[in-house]
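Going down the list, the sequences are from chains A and B.
Going by our numbering, the first residue of the first sequence is number 926, and it counts up by one from there.
Going by our numbering, the first residue of the second sequence is number 292, and it counts up by one from there.
Incorrect hints may appear among the rest.
Unchecked claim - Examples of chain B residues toward chain A, derived with CB under 10 Å:
id	residue
1	L341
2	D345
3	L365
4	A366
5	F389
6	Q396
7	P399
8	Y424
9	Y522
To be verified - Computed far set for chain B versus chain A, every beta-carbon distance over 12 Å:
id	residue
10	A294
11	V307
12	R361
13	D362
14	Q373
15	D379
16	R393
17	G394
18	A395
19	K397
20	D419
21	E427
22	D452
23	A493
24	E532
Claimed, not checked - Distance condition first, Cα-Cα at most 27 Å in a straight line; then the derived DSSO-like pairs of lysine-lysine:
id	chain 1	residue 1	chain 2	residue 2
25	A	K1068	B	K317
26	B	K497	A	K1068
27	B	K317	B	K497
No lab work stands behind these hints: they were computed from the structure.
The beta carbon of each residue, even a glycine, is placed where N, CA and C say it ideally should be.
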Amino acid sequence: MSPLFGPLAGLGRSTLALLGAVGRVAIYAGSATSHILRPPFYPRELLRQLLHIGWLSLPVVGLTAFFTGGALALQIYAGGARFNAEAVVPQIVAIGIVRELGPVLGGLMVAGRVAAAIAAEIGTMKVTEQIDALVTLSTNPLKYLAVPRILAATISLPILVAVGDAIGVFGGYLVSTSRLGFNAAAYLQNTVDFLQPWDVTSGLIKGAVFGFLVALMGCYHGMNSGRGAQGVGRATTNAVVSASILILASNYLLTELFFTA
Amino acid sequence: MIALSDVHKAFGAKQVLRGLTLQVAKGESCVIIGGSGTGKSVCLKCILGLVTPDRGTITVDGQSVTTRDRDAFLARFGMLFQGGALFDSMPVWQNVAFRLLRGAQKRPKAEAREIAIEKLRRVGLMPDVAELYPSELSGGMQKRVGLARAIAAEPEIIFFDEPTTGLDPIMSGVINDLIREIVTEMGATAVTITHDMSSVRAIADKVAMLHDGTIRWHGPAAEIDTAEDPYLRQFVTGSAEGPIEAVR
Ligand SMILES: Nc1ncnc2c1ncn2[C@@H]1O[C@H](COP(=O)(O)OP(=O)(O)OP(=O)(O)O)[C@@H](O)[C@H]1O
Ligand SMILES: [Mg+2]
């Protein structure tokens, strides 16, 4: 083979590997989803995961939203001042947080926290033969481990996003009224008058999609973890990176779908 | 009856099983011996369907192990994993009673707990261990909890992967007696992997020696000291001299 073909062959191989991986993830996602509806169900596991994934992520998501809302208010004020449009701060903060930054930053923070935790836990279970043990105890790992996590993340993230939206808007409000001289009542009135229900709902739908992706990536990479501690480490990294990229990519697609018609 | 016929399995370029054929009759206690890394654990995992063989057939009572109804099939088995494989997210008693707390054999929590404590007692563990988490136990204790979990639902067929490694001689004796008892009293079929020759003598009806991916020798336990096979001789006497290379 001529040396010219070396890089080409490499490119071909990695393209095939990528397509293969996409196919495997799609099949995994499909079978996990189909198991959501079929018994047996594990309600206790679901509750446990709702606590771990939803409730315990509140501080992280809340803090992220709060500081982002504050910073956004400062930037929009400074930017708006260039063409005498400082007054739009409440409206732009609201729409920016609710439509984009709330779901995306919330999703990314949860990806760091939850996808990593899920991949590490399931990966460790895999390398210590706990997954094999589950199977021999007539328990389907996909049903017992993946479904409760995926369901919990898909349910929790919209709620986290809703809470994050409120805190983010509040962060903007706090900065605007205390540092930028906005009138408190007028700021709130402007926000409420401006926001449409769809602004909020679209963000919540995004949240649900991101939650599904985060848990799916955690479970998939954990299940396919390599052997030993190194394998688990790599699975964790892959889970966080792929979840983050999928969140950003699907965010673009959803935005395209929702707001350009 | 468990029947393996001409089973092959390779991991990448490494050929582990090369035409393994073995039969274990119902109610029999079969012990598999063989050097470290010869594929004994892989062989058990093939029977349970955790590892798919590249070639060959495995049947249990004439039914292929790749049957559609996996849950019902696996409900007949109990397995002690070499590393214990305890679920570290739940306390010991829930590990032992795992099968009794969900699925087809589900029963009230209090009852499942009682059975778990009874099984723990049978492997020589005090009831107060029940509330601990696996990470709080010693290696030998974890092994015994794994054993208790394997027998908790009183399966017909039980696999023990090195049940006595890491145990003191007295505890090994207790476990050997327990395995013997399960076979004679409950009529279970047992397949045990062990490196411990005193265990072999205590629990085996039949011994199979795995070497080079196939069954090198098999026969009644009483014959292991008189059999002519040089591989078996070397293994039983534990000698460094012989056909089995010390470096593998
Ligand atoms: N999942 C796997 N992936 C790759 N190789 C494997 C896997 N499982 C087992 N092997 C290889 O197969 C061979 C046999 O492994 P196995 O665990 O069956 O040995 P063993 O006979 O049980 O040894 P020991 O007595 O030390 O437990 C080993 O060389 C091991 O490296
Ligand atoms: Mg082994």
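Now for the hints, and whether the structure bears them out:
no.: 1; hint: L341; verdict: holds, 5 Å
no.: 2; hint: D345; verdict: violated, 19 Å
no.: 3; hint: L365; verdict: holds, 5 Å
no.: 4; hint: A366; verdict: holds, 5 Å
no.: 5; hint: F389; verdict: holds, 5 Å
no.: 6; hint: Q396; verdict: holds, 8 Å
no.: 7; hint: P399; verdict: violated, 15 Å
no.: 8; hint: Y424; verdict: violated, 14 Å
no.: 9; hint: Y522; verdict: violated, 29 Å
no.: 10; hint: A294; verdict: holds, 20 Å
no.: 11; hint: V307; verdict: holds, 15 Å
no.: 12; hint: R361; verdict: violated, 8 Å
no.: 13; hint: D362; verdict: violated, 5 Å
no.: 14; hint: Q373; verdict: violated, 8 Å
no.: 15; hint: D379; verdict: violated, 8 Å
no.: 16; hint: R393; verdict: violated, 7 Å
no.: 17; hint: G394; verdict: violated, 6 Å
no.: 18; hint: A395; verdict: violated, 7 Å
no.: 19; hint: K397; verdict: violated, 9 Å
no.: 20; hint: D419; verdict: holds, 24 Å
no.: 21; hint: E427; verdict: holds, 16 Å
no.: 22; hint: D452; verdict: violated, 10 Å
no.: 23; hint: A493; verdict: holds, 25 Å
no.: 24; hint: E532; verdict: holds, 34 Å
no.: 25; hint: A:K1068 to B:K317; verdict: violated, 33 Å
no.: 26; hint: B:K497 to A:K1068; verdict: violated, 39 Å
no.: 27; hint: B:K317 to B:K497; verdict: holds, 12 Å
Hint violations for this structure: numbers 2, 7, 8, 9, 12, 13, 14, 15, 16, 17, 18, 19, 22, 25, 26, all remaining hints satisfied.
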